[in-house]
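J.: Below are the chains, spelled out letter by letter.
Number of protein chains: 2
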Amino acid sequence: MSEMTAAATDGHPFDAMLHLQPQADGSFVAHTHAGYANMVGPYGGATAALLLQGVLQHPDRLGEPLSLTVNFAGPVQDGPMHLVVRVVRTNRTTQHWLVELRQSDATTGQEHTVTTASVVTALRRSVFEQQLAAAPQVPPPQDCPEFDVSRAMTWLQRYEWRVISGGLPTTWDDSCHLVQTRLWVRDRPARALDFASLAALCDVFFPRIWLVRARPVPIGTVSLTVYFHADAAQLAAHGSAHVLGQADGQVLRGGFFDQSAQLWDAQGQLLATSHQIVYYKE
Amino acid sequence: MSEMTAAATDGHPFDAMLHLQPQADGSFVAHTHAGYANMVGPYGGATAALLLQGVLQHPDRLGEPLSLTVNFAGPVQDGPMHLVVRVVRTNRTTQHWLVELRQSDATTGQEHTVTTASVVTALRRSVFEQQLAAAPQVPPPQDCPEFDVSRAMTWLQRYEWRVISGGLPTTWDDSCHLVQTRLWVRDRPARALDFASLAALCDVFFPRIWLVRARPVPIGTVSLTVYFHADAAQLAAHGSAHVLGQADGQVLRGGFFDQSAQLWDAQGQLLATSHQIVYYKE
Numbered sequence: 001m002s003e004m005t006a007a008a009t010d011g012h013p014f015d016a017m018l019h020l021q022p023q024a025d026g027s028f029v030a031h032t033h034a035g036y037a038n039m040v041g042p043y044g045g046a047t048a049a050l051l052l053q054g055v056l057q058h059p060d061r062l063g064e065p066l067s068l069t070v071n072f073a074g075p076v077q078d079g080p081m082h083l084v085v086r087v088v089r090t091n092r093t094t095q096h097w098l099v100e101l102r103q104s105d106a107t108t109g110q111e112h113t114v115t116t117a118s119v120v121t122a123l124r125r126s127v128f129e130q131q132l133a134a135a136p137q138v139p140p141p142q143d144c145p146e147f148d149v150s151r152a153m154t155w156l157q158r159y160e161w162r163v164i165s166g167g168l169p170t171t172w173d174d175s176c177h178l179v180q181t182r183l184w185v186r187d188r189p190a191r192a193l194d195f196a197s198l199a200a201l202c203d204v205f206f207p208r209i210w211l212v213r214a215r216p217v218p219i220g221t222v223s224l225t226v227y228f229h230a231d232a233a234q235l236a237a238h239g240s241a242h243v244l245g246q247a248d249g250q251v252l253r254g255g256f257f258d259q260s261a262q263l264w265d266a267q268g269q270l271l272a273t274s275h276q277i278v279y280y281k282e
Numbered sequence: 001m002s003e004m005t006a007a008a009t010d011g012h013p014f015d016a017m018l019h020l021q022p023q024a025d026g027s028f029v030a031h032t033h034a035g036y037a038n039m040v041g042p043y044g045g046a047t048a049a050l051l052l053q054g055v056l057q058h059p060d061r062l063g064e065p066l067s068l069t070v071n072f073a074g075p076v077q078d079g080p081m082h083l084v085v086r087v088v089r090t091n092r093t094t095q096h097w098l099v100e101l102r103q104s105d106a107t108t109g110q111e112h113t114v115t116t117a118s119v120v121t122a123l124r125r126s127v128f129e130q131q132l133a134a135a136p137q138v139p140p141p142q143d144c145p146e147f148d149v150s151r152a153m154t155w156l157q158r159y160e161w162r163v164i165s166g167g168l169p170t171t172w173d174d175s176c177h178l179v180q181t182r183l184w185v186r187d188r189p190a191r192a193l194d195f196a197s198l199a200a201l202c203d204v205f206f207p208r209i210w211l212v213r214a215r216p217v218p219i220g221t222v223s224l225t226v227y228f229h230a231d232a233a234q235l236a237a238h239g240s241a242h243v244l245g246q247a248d249g250q251v252l253r254g255g256f257f258d259q260s261a262q263l264w265d266a267q268g269q270l271l272a273t274s275h276q277i278v279y280y281k282e
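Line order of the protein sequences matches chains A and B. This note's numbering applies: residue 1 is where the first sequence begins, and numbers increase by one. This note's numbering applies: residue 1 is where the second sequence begins, and numbers increase by one.
Take the hints with a grain of salt, since some may be wrong.
Stated by the list, open to error - Taking beta-carbon pairs under 8 Å as the criterion, some of the chain A residues facing chain B (in silico): (1) G35; (2) N38; (3) F128; (4) Q250; (5) Y279.
Stated by the list, open to error - Listing some non-contacts, in silico: residues in chain B with all C-beta distances to chain A over 10 Å: (6) V29; (7) Q57; (8) T113; (9) V251; (10) R253; (11) G255; (12) Y280.
It is worth saying that the hints were derived from the structure and are not from the lab. Please read these numbers as outputs of a predicted model, since none were measured by experiment. Backbone N, C-alpha and C define an ideal beta-carbon position, used for all residues, glycine too.
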C-alpha cells in the first residue's frame, strides 16, 4: 500500500462505520454512521460489510472471506447495534459462521434481531485456475462522466460513480428500459479495497426495477449473497483503483425481483460476484 | 393435482427422504435416505430440500419460500439427524428463518452442527411482472437422449436426465470444454413439483469443473442459494412435467468455483434461479 493510500484510509468514513467495540462476552457493539444513511436506516451494503467485519475481527477466524449471505430481516434503526458472532464449524480449509445484528426496542428495551448473516471463510490454495466470465470492453474511468451525487441520498455521496451504460432514467416516464448497468465505482474519498469494502460495493447498483420500469417504486433488499473470488494479495495490489461493475436481472414477479452483479479490476480479473432478491411495492 | 399425479407422489422416495418427526420442543428428527446417497453422505440437493422442509412444516410459517441459502458446514453422516428451526422475524410480507441440522458424534454423543440454512418465506402479490431471462430454444424432452444412470451414484438414479448440451465429457482427457449445460430433468419416478423438489433440482448439475477440465476432481458444495420465482399455483400447474435447466460458471480460482443455474418450465416461465460456491481439490 502506498503512503498516499494509507493516508487516505486514515479516518475514512467507511472505517468509522465499521468500528466494532469488543464486549466481554465476545460480541461487539457498533453504531450506525450518518455518512451511510439511506432512505430508512443505513445503506444495506454498509450493513453487509459490518456483519462481515464481525467475522474478520474475530480472534478465531481461519482464512479469508469466501461467501457471505445477509438477510435483511427488519429495518435497522439509527443508533447502537449489537453484533453476535458465532463460529459454527472449523474445517481444514473452510470455516462457517453465523452473525446476528440486534437492536434494543426503544420502549421495551428488549433486544431483537434485525439482520442475520452466514459467512464462510477459507484458505485459498494454488491450484488449477480459469476465469470464464470476461470483463466487458469499456472506456477507462477518466473517460466516463461522473454521476453528480451532490443532492443525492447520503450514502451515494460515499462513492465515486462513473456510469458507462444503464444509468438511472433521465425521465421517470414508465417506459421500458434495458436492465443492465455498467459502471466504474470506488469509495469517496478513495480508500484501499479490502473484503469489507468489496462486500459493500456489491450492493451499490440501482434497483433493476427502476431501470426496467423507469419508475422509482419503493424497494428493499431481502437477501444478498456475495462470493469473493479475489484473495488478500489481489486486493492489496488493487489499492484504491476503480472497480468495474456490471449488474443484471432475470425476473420481476409477485413483488420480488432478482439482481446479479459482477465486479472486476481494471485488468479484467473478477473480484467478486453477487446476487440478491429484492422486494418491490407495485 | 390430478389423481394420477397424487398416486405417483404416494410413497415416493423423495417424500420418504423428507419425512420429519416433530419433537416436543418444536424441533424435528429426520433420517438420511439410502436412495439419495452420494459419494459421502446424502446428495446436497436432498439436504437443502430437507432444511427447507423444516420451515414448510413449521406451524408458524407465513407465505411461500422466496430464498434459501444452505451452508454445508461438514459431512452429513448416514443416520439420524436433528433439525432445529427458528423463526427470527415475522414481517407483514416476509418472514426470516434460521435452520440448523445437527448430528451426534458417535463416540462422545455430543451434538454438532453439520449444515445451516437461512430461509425467507413471503406473501407474493399481484403487481407489475416481467421476465427478463428468456428460456433457450431447445428440443422437447422426448427428443433428447436419456442419460443412462443405471450404474451411476445412487442419487443420480432418483432423476430422469435428458441432456440437451454440455453433458459430462465422454473421455476424461484434461481437455478444455464449454462450461454451460442444458438439460431436461425431473424426479424418477415422476412426482408433482413442489418447493422442496424444486430446491433439490437446483443442485443436480454436474460440477462445472468436471466439464471445464474434463477431469473428475474431488469437489464439494460449500454454500448454495436458491431464489424461488414460482408461486404454489405455478408449481401445481406444472405437475410432474420435466423442468428445463441451464447451468453456468464464472470463475475457478484458489480452490473454489462458482456455479449458477436457471430452471424454467416448458412454457419458458422461470421457476427458480440458483447459485453456489464449490470447493475443488486440484
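J.: Hint by hint, note whether the structure agrees.
T.: Results of checking the hints against the structure:
1. G35: Constraint on G35(A) not satisfied, violated at 27 Å.
2. N38: violated (18 Å)
3. F128: holds (6 Å)
4. Q250: Nearest chain B Cβ about 4 Å off; hint holds.
5. Y279: holds (7 Å)
6. V29: Fine: 20 Å to the nearest Cβ keeps V29(B) off the interface.
7. Q57: holds (20 Å)
8. T113: Not fine: 5 Å to the nearest Cβ puts T113(B) too close to chain A.
9. V251: Given a closest Cβ separation of 5 Å, the condition is violated.
10. R253: Nearest chain A Cβ is 5 Å from R253(B), so the label is violated.
11. G255: Incorrect as stated: the minimum Cβ-Cβ distance to chain A is 4 Å, not above 10 Å.
12. Y280: violated (7 Å)
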